[in-house]
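Just need the whole structure built from these sequences, with the hints factored in.
So the protein sequences, as listed, match chains A and B.
Count along the first sequence from 1, then add 22; that gives the number in this note's numbering.
Count along the second sequence from 1, then add 1; that gives the number in this note's numbering.
The set of hints was computed from the structure by calculation and includes no laboratory data.
Treat the hints loosely; a few may be bogus.
[Unchecked claim] Beta-carbon label-pair distances, calculated as ranges:
#  : chain 1 : residue 1 : chain 2 : residue 2 : range
1  : A       : Ala376    : B       : Trp237    : 39 to 49 Å
2  : B       : Pro155    : A       : Val78     : 51 to 61 Å
3  : B       : Gly15     : A       : Gly572    : 39 to 49 Å
4  : A       : Gly494    : B       : Arg62     : 37 to 47 Å
5  : A       : Pro288    : B       : Ile145    : 34 to 44 Å
6  : B       : Thr66     : A       : Tyr499    : 29 to 39 Å
7  : B       : Ala77     : A       : Gly494    : 56 to 66 Å
8  : A       : Arg51     : B       : Gly148    : 50 to 60 Å
9  : B       : Trp237    : A       : Trp49     : 49 to 59 Å
10 : A       : Thr165    : B       : Ile181    : 28 to 38 Å
11 : A       : Glu276    : B       : Ala77     : 36 to 46 Å
12 : A       : Glu276    : B       : Arg62     : 21 to 31 Å
[What the hints assert, rightly or not] Some residues of chain A that are not near chain B, with every Cβ distance over 10 Å (derived):
#  : residue
13 : Phe261
14 : Leu290
15 : Ser502
16 : Pro588
Here the structure is a predicted model, which is why all the values come from computation and not from measurement.
From the three backbone atoms N, C-alpha and C, an ideal C-beta is built for every residue, glycine too.
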Amino acid sequence: MVDATHGPDAHAAEFPDVELYHPRSWWTRYVFSQDAKVIAIQYASTALAIGMLALVLSWLMRMQLAFPGFLTFIDAAAYYQFITMHGMIMVIYLITALFLGGFGNYLIPLMLGARDMVFPYVNMLSYWTYLLAVLVLVASWFTPGGPTGAGWTLYPPQAILSNTPGQESGIVLMLVSLILFVIGFTMGGLNYIVTVLQGRTRGMTLMRMPLTVWGIFIATVMAMLAFPALFVACVMMLFDKLLGTSFFMPALVEMGELLPHDGGSPILFQHLFWFFGHPEVYIVALPAFGIVSDLISTHARKNIFGYRMMVWAIVIIGALSFVVWAHHMYVSGMNPYFGFFFAVTTLIIAVPTAIKVYNWVLTLWRGDIHLNPPMLFALAFIVTFVNGGLTGLFLGNVVVDVPLSDTMFVVAHFHMVMGVAPILVIFGAIYHWYPKITGRMLDNTLAHLHFWVTFLGAYLIFFPMHYLGIMGVPRRYFESGDISFQPPSAHDLNIFITVMALIVGAAQLVFVFNLIWSIRHGKPSGGNPWRATTLEWQTPETPPVHGNFGRELPVVYRWAYDYSVPGAAEDFIPQNQPGTNPPHSEAPKKRRGAKS
Amino acid sequence: MSDPAVTHTDPQPGLTGFVSDWSSDKTAFKTASWGKAMIWIFLLSDTFIFSCFLIAYMTVRMSTTEAWPNPSEVFALEIGGVHMPLILIAIMTFVLISSSGTMAMAVNFGYRRDRVKTTVLMLLTAALGATFVGMQAFEWTKLISEGVRPWENPWGAPQFGSVFFMITGFHGTHVTIGVIFLLLMARKVWRGDFDTGKKGFFTSRKGRWEIVEITGLYWHFVDLVWVFIFALFYLW
Ligand code: HEM
Ligand SMILES: [Cu+2]
Numbered sequence: 023m024v025d026a027t028h029g030p031d032a033h034a035a036e037f038p039d040v041e042l043y044h045p046r047s048w049w050t051r052y053v054f055s056q057d058a059k060v061i062a063i064q065y066a067s068t069a070l071a072i073g074m075l076a077l078v079l080s081w082l083m084r085m086q087l088a089f090p091g092f093l094t095f096i097d098a099a100a101y102y103q104f105i106t107m108h109g110m111i112m113v114i115y116l117i118t119a120l121f122l123g124g125f126g127n128y129l130i131p132l133m134l135g136a137r138d139m140v141f142p143y144v145n146m147l148s149y150w151t152y153l154l155a156v157l158v159l160v161a162s163w164f165t166p167g168g169p170t171g172a173g174w175t176l177y178p179p180q181a182i183l184s185n186t187p188g189q190e191s192g193i194v195l196m197l198v199s200l201i202l203f204v205i206g207f208t209m210g211g212l213n214y215i216v217t218v219l220q221g222r223t224r225g226m227t228l229m230r231m232p233l234t235v236w237g238i239f240i241a242t243v244m245a246m247l248a249f250p251a252l253f254v255a256c257v258m259m260l261f262d263k264l265l266g267t268s269f270f271m272p273a274l275v276e277m278g279e280l281l282p283h284d285g286g287s288p289i290l291f292q293h294l295f296w297f298f299g300h301p302e303v304y305i306v307a308l309p310a311f312g313i314v315s316d317l318i319s320t321h322a323r324k325n326i327f328g329y330r331m332m333v334w335a336i337v338i339i340g341a342l343s344f345v346v347w348a349h350h351m352y353v354s355g356m357n358p359y360f361g362f363f364f365a366v367t368t369l370i371i372a373v374p375t376a377i378k379v380y381n382w383v384l385t386l387w388r389g390d391i392h393l394n395p396p397m398l399f400a401l402a403f404i405v406t407f408v409n410g411g412l413t414g415l416f417l418g419n420v421v422v423d424v425p426l427s428d429t430m431f432v433v434a435h436f437h438m439v440m441g442v443a444p445i446l447v448i449f450g451a452i453y454h455w456y457p458k459i460t461g462r463m464l465d466n467t468l469a470h471l472h473f474w475v476t477f478l479g480a481y482l483i484f485f486p487m488h489y490l491g492i493m494g495v496p497r498r499y500f501e502s503g504d505i506s507f508q509p510p511s512a513h514d515l516n517i518f519i520t521v522m523a524l525i526v527g528a529a530q531l532v533f534v535f536n537l538i539w540s541i542r543h544g545k546p547s548g549g550n551p552w553r554a555t556t557l558e559w560q561t562p563e564t565p566p567v568h569g570n571f572g573r574e575l576p577v578v579y580r581w582a583y584d585y586s587v588p589g590a591a592e593d594f595i596p597q598n599q600p601g602t603n604p605p606h607s608e609a610p611k612k613r614r615g616a617k618s
Numbered sequence: 002m003s004d005p006a007v008t009h010t011d012p013q014p015g016l017t018g019f020v021s022d023w024s025s026d027k028t029a030f031k032t033a034s035w036g037k038a039m040i041w042i043f044l045l046s047d048t049f050i051f052s053c054f055l056i057a058y059m060t061v062r063m064s065t066t067e068a069w070p071n072p073s074e075v076f077a078l079e080i081g082g083v084h085m086p087l088i089l090i091a092i093m094t095f096v097l098i099s100s101s102g103t104m105a106m107a108v109n110f111g112y113r114r115d116r117v118k119t120t121v122l123m124l125l126t127a128a129l130g131a132t133f134v135g136m137q138a139f140e141w142t143k144l145i146s147e148g149v150r151p152w153e154n155p156w157g158a159p160q161f162g163s164v165f166f167m168i169t170g171f172h173g174t175h176v177t178i179g180v181i182f183l184l185l186m187a188r189k190v191w192r193g194d195f196d197t198g199k200k201g202f203f204t205s206r207k208g209r210w211e212i213v214e215i216t217g218l219y220w221h222f223v224d225l226v227w228v229f230i231f232a233l234f235y236l237w
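The following block contains the structure:
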């Protein structure tokens, strides 16, 4: 896919816009840094730290489900607070922040051959606003009444009624924290989008961008359009709570008392929430798609199959995901025609998604597969995502969803598709890019241990939940008590799941240990340990220094997937290597019959 | 052999130009600087915020159980014994639209690097914006004194007050931010920061004339949003 060659004067002019900020002190270099790489690490460490809290909460919940009453400090209120915080932290403060704020910041400028993001100062503010949002969220543990227990969906009216845990101040802090998150994200998102659109190096056309960048880019665009709905929902709910308005609050009798609310629409909140909430699923999935494509291609030493199709699939998935939100509201009741519409659009998304899966598999087909940790995680992602996607097809249908809604089946489904699957990619990506970030490899043995326990463990945790759900075990129950339809075996299964969850949790500690230990003791990696083609591996220094690329920006001559080109000296050709491919080059072949 | 870095140089017309811009390297929008691209994308996102507010308002208005107060009556004023529905809102709208005009002129003179005229027009725009906010404050005060609260009002559906304060408040905040920004930038134009390329205090980037246009884009947007609020909240 070398579509042009060119003369030696390529490095001549940079953009007039480029104007690099140079830090002068320790503080501006490492703390209030405007360098996207430092900001990325700040984002990632904050996200991983708060993610550990969410992980601990999941252990506590599992303990309660398997051994009710064993941990005496978990009462019903605490359980709901754990659920809520676990869900919200995992989805927003961990995965979204890590993919976009962490990987986005690190990889976009490096992969596109830019010196930094386009607005480094705004980018820095983005991180500090995010940190503030996290702190506000954590602060709710220390307020009277504790954090909110409204469920991560925060549905009114119950979210702000007096019997919901955390209604004193937890819910307020949660809403404020989300508003801050949206503001912080917007500042970062502007950077990611404008950098991709306007800040690429010479030769880096949109259709030569690595799929990682495509995934992060489209996810950011989606976030910029979906988060407004969350923002508005949060503002309105804050008013309901603090000013006594009735946007979402109908007339209600609580404990025999008529509340001062009247005429609001709880369904309106659900629409706003899911207009954000469904795209959110793809905001965490698209970066994962992109990263996985690159991991697979690099570690199978083969060009990605159907690059254009992959790009278009990402774009189409992004667009379609804005018209399916009400599939989360089948049980809220709606006009049957709407239910039909949303079921159809939901199922249509399966088409581009399936295309992507086929393309991954075809990329692997007869590849020179290196089963190193990033590849293992990438393969695990494909399997897991297909699995979660299939149950998604079930739930997308109204008639199947209605009985399964609010059961463990749903819990199993969304954990597979938006919990485990993206987290696997995050792990794979960390194993892949850690050498670039630190200059050292992560320990391979620990990595394999971490992989196998996490991968198998995740299945042992969430597979049985499908079964529990079909039996009718409800979701968000503090304790199931003696419910006759639940055979005793369901309880044994619960104990099994909990044990597995604890083991998987322990494996994450191995991972964290590996991360910290390898900073000093890992094997030196060199600049390009995976022999990859993309620009971040071609930097003069590893880890890349301020300005990324030394005196001259790289010039791009080819797409990101020139692996195993016949006749080439090596089995990869970096994107910035000039010249056409060797003359008898057959591969990478254009798809037969395709004009491109 | 063509240079891979430059897929084309001159903008081409129509769909071809669109496609070749998007598929070329470095920049997708050939004529937009980073700052301008940013403000457009920010405004797109902000559009979604205002749309959500307005759609939420329309939903609430349709689903509420009590009658919606009649805006022409609520926002009427007695001036010299004459009862004039919506008169204040009409004046406010006029003021804001005029400020868009002065802003457009400021941008024009900004392009010509005319410091004095640009400064004056930006200050004039800021003054009109401040007038708008002032009149809004008057309107708020009047309604509050008549007993309108976010949770109730004397005439009907309590959501009337909620929506009113929320949406006009959010828009008013936008205008206020715009006024502050205009004042700051007018000062920079006046001092000649953009001719000398003086570095910004926070961003430590060189000041540029294009900031006038960026401010202008924001200002026109805020104006445009007001037109929708006017149509959907006051006229409906
Ligand atoms: C070891 C890993 C994990 C375990 C053991 C776990 C366990 C649980 C449990 C027990 C619940 C409550 C189920 C109920 O009673 O309704 C739950 C809810 C939830 N989890 Fe996880 N989880 C894990 C990872 C994740 C990840 C990575 C995500 C990221 C998307 C996630 C997102 C959620 C969400 C959104 C909820 C729903 C909260 C609610 O109902 O309001 N979880 N999880
Ligand atoms: Cu959905």
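Hint by hint, here is what the structure shows:
1. Ala376/A x Trp237/B: 39 to 49 Å: 45 Å, holds
2. Pro155/B x Val78/A: 51 to 61 Å: 52 Å, holds
3. Gly15/B x Gly572/A: 39 to 49 Å: 40 Å, holds
4. Gly494/A x Arg62/B: 37 to 47 Å: 40 Å, holds
5. Pro288/A x Ile145/B: 34 to 44 Å: Violated: the Cβ-Cβ distance is about 28 Å, outside 34 to 44 Å.
6. Thr66/B x Tyr499/A: 29 to 39 Å: 34 Å, holds
7. Ala77/B x Gly494/A: 56 to 66 Å: 60 Å, holds
8. Arg51/A x Gly148/B: 50 to 60 Å: 57 Å, holds
9. Trp237/B x Trp49/A: 49 to 59 Å: With Cβ atoms ~53 Å apart, the hint holds.
10. Thr165/A x Ile181/B: 28 to 38 Å: 33 Å, holds
11. Glu276/A x Ala77/B: 36 to 46 Å: With a Cβ separation near 39 Å, Glu276/A and Ala77/B satisfy 36 to 46 Å, so the hint holds.
12. Glu276/A x Arg62/B: 21 to 31 Å: 26 Å, holds
13. Phe261: 6 Å, violated
14. Leu290: 5 Å, violated
15. Ser502: With a cut-off of 10 Å, Ser502/A remains clear of chain B, as the shortest Cβ separation is near 36 Å.
16. Pro588: Non-interface label on Pro588/A holds, nearest chain B Cβ at 22 Å vs cutoff 10 Å.
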